[in-house]
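**Q** In my numbering, the protein residues as written are 1005 to 1398.
Keep in mind that the hints were calculated from the coordinates and are not lab data. Built from N, CA and C at the ideal position, the CB exists for glycine as well. Incorrect hints may have been included.
[As the list claims (entries may be wrong)] Just the calculated beta-carbon pair ranges, DEER-fashion: (1) A1139 <-> S1328: 41 to 49 Å; (2) E1366 <-> P1037: 53 to 61 Å; (3) S1293 <-> A1139: 18 to 26 Å; (4) P1281 <-> R1225: 49 to 57 Å.
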Amino acid sequence: MKIETMAVHAGEAVDPTTRASSPNLVMSATFLPRELTGFSAWDEDESAGYIYARSGNPTVRQLEEKLAALEGAEDARCFASGIAATHAVIMGRLSAGDHAIFPENAYSGTAEFIRNSLPRFGIKTSFVDTTDAEAVAAAITPATRMLWLETPCNPTLQLADIALFADLAHARGVPDVVVDGTFTSPIGTRPLSLGADFVVHSLTKYISGHGDAMGGAVLGRKADLDALNLEAAVHFGGVLSPFNAWLIMRGAETLPIRMRAHQDNAMAVAEWLEAHPAVSRVFYPGLPSHPQHDLARRQMANFSGMIAFQTHQDGAEIARKMVSDLQHVHFAVSLGHLRSLIYWIGTDDILQSTYQHPPEAEARFRALTGRGIFRLSVGLEHPDDICADLARCL
């Protein structure tokens, strides 16, 4: 099947009893097994069917099968949020004494979890500029068990060469290369086909697409995900609500069409911003001005709808005006929704609260972001209306 057909049909089937065309929403917490099986999740037999919603639910399973088809993965496991999926794969694959490498400018939720929580469990971490192959290679040690990539990075829109780093890591004995693909969705990049071992998505963003359901997913090899499900879902308990799974599945059906529109709108808005006298710099992988535009063209089938930009004037002053004056673009966090969303990220603030970079990394970050950047998630409104709304504040 082509990806548009997979988005609509993968994981779904006509209900044999009701003949319903749309997927069923199964809200039951417990199920009657087909045969006698163990009481503990360790002893459950797959042939017995669904037992308890923490280890599996029919609606959630439909979504997992759809996601696996879209990503080209053997299997998928869903969780209550993107950070729950991140927690699942990190804590499910790493142990005390292991070492893991992360991007120095990773998503704030990931970065804060790694900095503030992992050291308490004896897991060692390094933060590296993942645009620099030599820096990544130098960070690998005999204890390194995971290389985490985020491409494009949130919020700087820096790219990581997935194929290059997967080959490098595996050649050096690193078993797990994990890619956070939230910014691109499976329509933009399919990391498993480039050599990654796991893909993580915040389903709250593009895959849901409507801003009304939180969820996360980990995709990869079935054997790895079966083990991950037993620990991360059954024991950690961060499972996805069937209702949220049903909403996200509805959104995933239109993902290919929406991503084309997000990309087209973002390109128009990025070009408009780049020509605007109030704007000093625009970061968008689809623009020739992006420092990694050639990599973006090789690695991304869709440039997505995420833009970052800087202004000549103090961004915080413009942001205060946006809070009151924007009419169509919402001044709000999150991304990947039908609606355009923008937020101001001050450099001093995020360096103090999230990154806490050493001097060299801080200098790189300040050279990239100046006093701060606006993160803009371009929605499905007409691009002329998006630009006119931003013009009120710029």
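**Q** Does each hint hold? Answer for all of them.
**A** Going through the hints against the structure:
Between A1139 and S1328, the C-beta spacing of about 43 Å keeps the proposed range 41 to 49 Å intact. The hinted window of 53 to 61 Å between E1366 and P1037 holds, with their beta carbons roughly 56 Å apart. Hint check: S1293 to A1139, Cβ distance near 24 Å, so the stated range 18 to 26 Å holds. Taking 49 to 57 Å as the suggested C-beta distance range, the pair P1281 and R1225 conforms, at roughly 51 Å.
Against the hints set out earlier in the document, no violation occurs for any number.
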